[in-house]
Structure formats: structure tokens, C-alpha cells
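Chemist: Using this note's numbering, you'd call the opening residue of the sequence shown number 31 and step up by one each time.
Check each hint, because a few of them may be wrong.
What the hints assert, rightly or not - What follows is a set of in silico ranges between Cβ atoms, one per label pair, in the way DEER data are often shown:
| # | residue 1 | residue 2 | range |
| --- | --- | --- | --- |
| 1 | ALA411 | ARG142 | 35 to 45 Å |
| 2 | LYS80 | SER413 | 34 to 44 Å |
| 3 | ASP208 | LYS318 | 39 to 49 Å |
| 4 | SER347 | SER413 | 13 to 23 Å |
| 5 | PRO105 | TYR313 | 35 to 45 Å |
As the list claims (entries may be wrong) - In silico DSS-like cross-links for lysine-lysine, where the CA-CA straight-line distance does not exceed 25 Å:
| # | residue 1 | residue 2 |
| --- | --- | --- |
| 6 | LYS159 | LYS213 |
| 7 | LYS247 | LYS276 |
| 8 | LYS272 | LYS301 |
| 9 | LYS149 | LYS161 |
| 10 | LYS326 | LYS236 |
| 11 | LYS213 | LYS274 |
| 12 | LYS348 | LYS322 |
| 13 | LYS427 | LYS410 |
| 14 | LYS386 | LYS348 |
| 15 | LYS386 | LYS325 |
| 16 | LYS450 | LYS427 |
| 17 | LYS53 | LYS159 |
| 18 | LYS159 | LYS149 |
| 19 | LYS236 | LYS247 |
Worth flagging that the hints you see were computed from the coordinates, not collected in a lab. A quick note: this is a predicted structure, and the numbers were derived from the prediction, not measured. Glycine included, C-beta positions come from ideal geometry on N, C-alpha and C.
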Amino acid sequence: MVELSFLGACREVGRAGVLIEYKNTRLLLDYGIKIRPHQPPEMPVKPDSKIDAVLLTHCHLDHSGAIPSLYHSNPGLKVYGTPLTRDLSELLLYDSIKVAKMENYPIEFGEREVEMFHKNYRSITPGSKFKIGDIKVRAFHAGHIPGSLSYLLEVGKRRILYTGDYKYIDTQLVEGVDLDMPKVDILITESTYSTREHPPRPHEEKRLAQIVAETCKAGGTALIAGFAVARLNEAMIAIFRKSKTKCRLYLDGMARTATDIIRKHGAVRDKLLFEAALNTVNYVTSQKMRKKILKKPSIILTTSGMLEGGPVLFYLSKLYDSENSSLLITGFQVEGSRGDRLLKTGEIVIEDAVYKPSLRIERINLSAHVDRPRLLNFIKALSPRTVFCMHGEETNKFAKELSETMGVEGVEPRLGVSYKI
Numbered sequence: 031m032v033e034l035s036f037l038g039a040c041r042e043v044g045r046a047g048v049l050i051e052y053k054n055t056r057l058l059l060d061y062g063i064k065i066r067p068h069q070p071p072e073m074p075v076k077p078d079s080k081i082d083a084v085l086l087t088h089c090h091l092d093h094s095g096a097i098p099s100l101y102h103s104n105p106g107l108k109v110y111g112t113p114l115t116r117d118l119s120e121l122l123l124y125d126s127i128k129v130a131k132m133e134n135y136p137i138e139f140g141e142r143e144v145e146m147f148h149k150n151y152r153s154i155t156p157g158s159k160f161k162i163g164d165i166k167v168r169a170f171h172a173g174h175i176p177g178s179l180s181y182l183l184e185v186g187k188r189r190i191l192y193t194g195d196y197k198y199i200d201t202q203l204v205e206g207v208d209l210d211m212p213k214v215d216i217l218i219t220e221s222t223y224s225t226r227e228h229p230p231r232p233h234e235e236k237r238l239a240q241i242v243a244e245t246c247k248a249g250g251t252a253l254i255a256g257f258a259v260a261r262l263n264e265a266m267i268a269i270f271r272k273s274k275t276k277c278r279l280y281l282d283g284m285a286r287t288a289t290d291i292i293r294k295h296g297a298v299r300d301k302l303l304f305e306a307a308l309n310t311v312n313y314v315t316s317q318k319m320r321k322k323i324l325k326k327p328s329i330i331l332t333t334s335g336m337l338e339g340g341p342v343l344f345y346l347s348k349l350y351d352s353e354n355s356s357l358l359i360t361g362f363q364v365e366g367s368r369g370d371r372l373l374k375t376g377e378i379v380i381e382d383a384v385y386k387p388s389l390r391i392e393r394i395n396l397s398a399h400v401d402r403p404r405l406l407n408f409i410k411a412l413s414p415r416t417v418f419c420m421h422g423e424e425t426n427k428f429a430k431e432l433s434e435t436m437g438v439e440g441v442e443p444r445l446g447v448s449y450k451i
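Kindly produce the complete structure, drawing on both the sequences and the hints.
Modeler: Take a look at the structure:
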């Protein structure tokens with residue numbers, strides 16, 4: 031008998047974690063945090079006993095951010111993932127410690143535990159096959175961001191696929207999810223956009239390039255806010271390929287280091303294209319430089335994606351009343367974040383001052399997640415008997431729909447509840 035316990039990401043986006051128990055093996059699939067604006071991150075449910083290993087799909091903190099806390103009770107815990115995921119995870123984990131200190135809220139691990147994460151990490155690649163106790167594992171390319179994986183588990187006579195976050199179609203940076211997978215019995219899938227269809231990617235990239243060109247022609251600054259890992263690189267390549275503007279392009283914030291890590295590993299769809307686009311970019315290296323580049327029309331790619339911190343707040347405080355400038359928001363906005371409030375109210379608070387920006391504000395959909403039509407196609411292709419719908423805010427509706435219309439057992443997992451198969 032196989033037992034699945036869902037430790038997070040139940041009817042929510044964030045703190046992913048699934049515990050699989052079979053015979054004497056206890057295997058954890060991701061173990062992340064839920065980031066909450068102006069509050070300590072929310073942790074997943076703690077496993078009640080020792081874990082044999084963690085399979086990490088990718089670096090984002092909602093999948094990796096709680097792993098170091100496991101070393102208090104699992105000092106030799108092995109974590110499996112790609113080398114790129116290791117390096118990007120460490121960048122984000124050290125940053126989360128820094129943010130906790132700045133915000134003066136508690137965090138359940140420190141630098142020592144991140145060092146243990148590094149020491150016990152085991153590098154794998156798409157196609158890797160290995161065994162953890164009584165469970166056979168095979169890794170697949172997930173198409174979410176560079177270095178991301180999905181995991182196929184052979185547990186007794188059952189095949190279980192854990193998708194993690196994945197993207198069905200190719201993007202500028204990575205190829206879509208590997209569709210050369212066998213049929214499975216149980217599918218554990220993300221459901222972030224189970225009720226929505228993304229606009230065509232080329233259309234959104236064209237909009238991005240067009241707005242950037244219009245802003246530069248008007249003599250303004252195009253400020254592009256995005257996540258440090260991969261998202262700003264997607265925008266960078268789209269601008270390089272589709273915009274004819276001669277404005278200088280700048281990269282700021284933690285995205286600089288993340289870009290260097292991705293470049294080092296070379297885990298991108300087209301290395302030559304990535305290098306060519308990157309050669310058009312200037313890194314912002316000081317506050318003095320930030321002030322200087324605002325004096326001329328320019329394009330600035332910067333963190334943070336939800337406007338919660340990073341250089342974007344400095345730029346906004348200087349550009350908020352520039353009607354010739356633009357702010358392009360490229361990512362998901364958590365409810366209550368500065369980005370969310372700006373889009374809903376037209377106001378943003380920066381260092382206790384309330385700003386009502388008059389610059390042009392646009393949302394550009396460069397999502398790295400699968401949308402509804404392609405999620406349904408993926409499920410049909412794999413022909414599972416049971417689908418656990420996690421990592422989404424409307425998983426109850428989606429699971430019910432699968433049960434009623436697709437002839438599969440759709441399950442909305444409950445937090446901390448175990449399911450015996």
C-alpha cells in the first residue's frame with residue numbers, strides 16, 4: 031500500500047510538499063514556503079518522522095524554501111535535483127535569511143542549514159534513473175524554468191507522476207515539458223491556472239516590445255518588474271528579438287546574480303540566442319548608476335516581481351509622475367502585495383509615502399505555468415486513474431470537473447491528510 035500525505039499547496043499556491051510512504055521508504059516531493067507580504071512565510075506541515083530523501087523540482091521558494099529546516103531532525107538528508115536548481119536555490123535561501131533579518135521575523139533555519147543542503151545535494155539531470163529505498167525514480171524536463179524537473183515514481187506496481195510546476199509550450203528560455211512519458215496510474219499536478227487560458231505567448235511578447243518602443247520614443251523609461259530567476263531573462267530575449275528600439279537595456283537586482291548562474295550552467299533552450307541578448311544588457315552596479323540611467327530614455331529590467339522590495343521601488347519613487355514612462359508587470363501578484371494593491375487601487379506605498387503613479391501601467395503575461403487547455407491535454411495524454419489537483423486556488427472545482435467530465439477520479443487533497451492507495 032502507498033500512502034500520500036499533502037503537507038502544503040492544498041487549495042493555495044505556495045508551500046508545496048508531498049510525502050510518499052511505501053514499505054520502509056519515506057520520500058518527500060518538494061518542501062517549500064508560502065510567501066506572505068509583510069508577514070513571516072507560512073511553513074508546510076512538518077513530517078512526523080525521518081525522511082529518506084527529498085526530490086526537488088526547482089528553485090522557487092514555494093518549492094524549496096523549507097528544505098533547510100529539515101536538517102534539524104534529518105542531518106544527513108539527501109536532496110536530488112539539477113545542479114542549476116542547487117545553485118539558484120542557495121541564492122534564494124540565503125536571500126530569505128537576509129529578508130527575515132531585515133523584517134525582524136523568525137525563520138526556521140540559518141546559514142548552517144543551507145550549507146548542509148549544499149553538502150547533501152545530489153545532482154541529477156533530465157532522464158536520470160535511480161532508486162531511493164523501495165521507490166524507483168526517473169526525472170523528466172518540466173519546462174517551467176531552467177533546471178526544473180518532474181518526477182516519475184515506480185512504487186510497487188503503480189506509476190506516480192509528480193509534475194511540480196511545468197509549462198506545456200516552448201518559451202524564449204526553455205523548451206516545454208517532456209511529453210515522452212509513459213501512461214501513469216496517479217498524477218499529482220499543479221493547478222495554478224486550471225480555470226484560465228493564457229493569451230498567446232507571441233502576442234504578449236509583441237505587446238512588451240511595442241510598449242517598450244513607444245516608451246523610449248516618448249523619451250521615457252520602460253520599467254519591467256519581474257522575478258529574479260528566469261522571468262526577466264524571458265523579457266530580455268523577447269525585447270532583443272522583437273523590439274527595434276535603440277534604448278539602452280539595463281538589468282538590476284538579484285536578477286543579475288541569477289542570470290550569471292543560469293549562464294554558467296548553460297541550461298537554456300538556445301545558448302547562442304541567450305548570449306546574444308545578454309550582450310545587449312548593462313548590469314546596474316551602484317545607486318549612483320541607478321540615478322544616472324534615469325536621465326536618458328532606457329529600459330530597466332529589475333526585481334522584485336511583486337514590487338515588494340528590490341531596486342524597482344527606487345525607480346518607481348523617481349518615475350511615478352513621468353507620464354512618458356511605463357511600468358510593465360510580468361508576474362503573478364500575491365494578494366496584499368504592493369503590486370496587487372497598485373493594480374487594484376492605483377496607489378503604492380514606498381517607505382511610508384503614498385504614491386499615485388501617473389506613468390503607464392501594463393500587465394504582460396509571461397507565465398511559466400501550464401494553462402487550462404494544455405493542462406487538460408496533458409491529463410488526457412497520460413490517462414491516469416486518479417488526479418490529485420494541488421498548487422492552485424480553485425482545485426476543488428477542477429477536481430470535480432475532472433471526475434464529472436473526463437472519467438478520472440479527481441481529488442482535491444486536504445492539508446495534512448493522508449491518502450492510502
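Chemist: Going through the numbered hints above, which ones does this structure break? Give me the numbers in ascending order.
Modeler: 4 and 11
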